[in-house]
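Visitor: Here's the letter readout for the chains.
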Amino acid sequence: MIEAVGLTKRYGAKTAVDDLSFQVRPGAVTGFLGPNGSGKSTTMRMILGLDRPTAGRVTIGGHPYRSLPNAPRQVGALLDAKAVHGGRTARTHLLSLAQLAGIPARRVDEVLGVVGLQDVAKRRSSGFSLGMGQRLGIAAALLGDPQVLLFDEPVNGLDPEGIHWVRNLMKTLASEGRTVFVSSHLMSEMALTADHLIVIGRGRLLSDMSVTDFISANSADFARVRVPESAPEEREKLTSSLIEAGGSVMSEPDGALRVTGLPLPRISDLAHGADVRLWELSPHRASLEEAYMRMTQGVVDYRSTDDAKAGLLEPPQAAYGGAQGGYGGTQGGYGAEPGHYPQHQPADVPQQSWYAPPPPGQNPYAATHSATAPAPGPATAPPPAAPEPSPADRAGEQTSEDPR
Amino acid sequence: MASVPAVLNSEWTKIRTVSSTTWTLICAFAVTVAMGAGVSALVNGTFDDLSETEQLTFDPTLVSFSGTVLGQLAMIVFGVLVVGTEYSSGMIRTSLAAVPQRGTLLFSKIAVAGVLALLVGLLTSFVSFFLGQALLGDRGTDLGAENVLRAVVGAGLYMGLIAIFSMGVTAMLRSSMLSMGILIPFFLLISNILAAVPYAKDVIRYFPDQAGSKIMQVVPEAMGSDPSPYGPWAGLGIMVAWVVAAVLGGYLVLKNRDA
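Residue numbers (the UniProt record's numbering), protein chains in the order written: chain A, 1 to 404; chain B, 1 to 259.
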């Protein structure tokens, strides 16, 4: 059991970890999520007693790490895959660590087998790939057969087979009653591995709940409704009757409608009542990745800007008018035909950066941390993500422009 | 609580499993012995060309240790690498996660590497001495002569202490590059050049290498060197004080800074 209480770390004026309190329980894989620079690694280092907290404390099994009796037998950690002297072989690296905890050399060969490095055990680690380095780091963590395991980004650089193996390893370790704490910036990975999620952003706790709760709290189901493209008035009619019935409607860039708050049969009935033909009525579930992105979008430290390549490209010859090709690319046949963009749309939402809105009242964090967070409610609500086309969309427009 | 024998054992594994250990120590031995032998042979051949003062204070023991000026650089590299690679590779975090008692880790590391450096230093000094005396022929001396054994053992201690001093400095600076960039020019050039400058030499003679190397002299003011206000053992004591200060500084840095 790892317990942090009011954990804070400041580097000069910058606060890396801000009043973080959480518990990591045994018998489950706890995912530790956050964007780059959100303080995950700093927190991990503080758990291991490498960095001293500015305020607060973190304990493992009730003890601060530095006063744990025989720490390597109780806590195993993978912090940095490449934190190995390159001149040492995999085996001698592990041997030097094993000797610290009085672990017999036989155990070194065991863990080398467990992580699949037995064939390169006598090779210098400087020649190791990132994936092999991760395996070596995991071997070091497993060495003392500890009850508490910490892994910082363990799947970085691993091949699909390795990722699968790490997933199963984490689950197995947790099922044996151990405490497993895994950091990652990939929600999709955590959704498959973790039982419990701790999400931080800019060093603050954003969410601390089980994966099941996280899904039900954050992933909004919606229906995609498509009406014939040649009948914009039918689209208007359907939109207004859906809003009247209490649903909320947003427009997708290719002309389809995202409807939330109404069950599918009700949408069908309403369309029937309004005498509108439907080309598509399909249920969708916003992915956890989207929920996570929405939660953290206000606290991302490093965000890329659009690469205009201003100094590299000739200015485009033709104006943009009539160029719709870019948007439809990801949508298959529907949006590809020109002519329906964007005059009729109540609220245009670029596809690439569209995150499903949270259910009302479920996500207080997004509202406090992000000015662009969506206000739950009727269709008049502003689009939740960037109101301008995302870089990807613009790039799409530009490439579609080039052949002319 | 990681036990001290376990940490010592682990540090010994770390040291013997990297090739830089072997190469730097072989280099220290070979350079010191070869250069000492070369200078001994040269001095023997050109003895009549030496100045009168130098002839009067001729110190065959010191001549056979002429190689330490260069050989100590390899010892410095050894000391820097033993500590510095932990930082440059990031291994220090793995090590400290396994041994949260930072003092135990650093002192064990320095103990293992220091004893190894002292042993190699002693081997180097004895081989240098015997080879040098053989090449000096009739002008040579032998271990039985007064103060000679002290000088030979002292030369070995000097080599080992230089390595330990480098370990302490590297633990303070936490970087191999930085430590080498400071230590090597200092011991190769600055210290030797300033030692010849009037006024400056009054301060420089208390620097670790200047003070420590006094112990290699059998004849006082050997080879026309300046008289010093301290004797051979006091000189070594000054050097030991420097070493202790460097190691303590390294310990305080390791103990108080985030890894």
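Fair warning: there could be bad hints in the mix.
Said to hold, decoys possible - Selected chain B positions facing chain A (Cβ under 8 Å, derived; list incomplete):
1. N9
2. T17
3. T22
4. T53
5. G90
6. T104
7. I190
8. S191
9. A195
10. G249
11. L252
12. K255
Claimed, not checked - Covered stretches of chain A, going by a simulated chain B footprint (3 or more residues, C-beta under 8 Å):
13. 172-180
14. 195-201
These aren't lab readings, by the way, just hints derived from the structure by calculation.
All values reported here derive from a predicted model rather than from experimental measurement.
Think of the CB as a built atom: it goes at the ideal place given N, C-alpha and C, for glycine as much as any other residue.
Visitor: A separate judgement is required for each hint: does it hold in the structure or not?
Guide: Checked hints:
1. N9: Result: holds, 5 Å to nearest chain A Cβ.
2. T17: Cβ of B:T17 sits 4 Å from chain A, so the hint holds.
3. T22: Violated: closest Cβ of chain A sits about 11 Å from B:T22, beyond 8 Å.
4. T53: violated, 49 Å
5. G90: holds, 3 Å
6. T104: violated, 10 Å
7. I190: violated, 31 Å
8. S191: violated, 31 Å
9. A195: Cβ of B:A195 sits 36 Å from chain A, so the hint is violated.
10. G249: violated, 19 Å
11. L252: violated, 14 Å
12. K255: Violated - the Cβ of B:K255 stays beyond 8 Å from chain A, reaching only about 10 Å at its closest.
13. 172-180: This one is violated; 0 residues, fewer than the three required, reach chain B with a Cβ under 8 Å.
14. 195-201: Check failed, 0 qualifying residues.
Checked against the numbered hints listed earlier, the structure breaks hints 3, 4, 6, 7, 8, 9, 10, 11, 12, 13 and 14; every other hint is satisfied.
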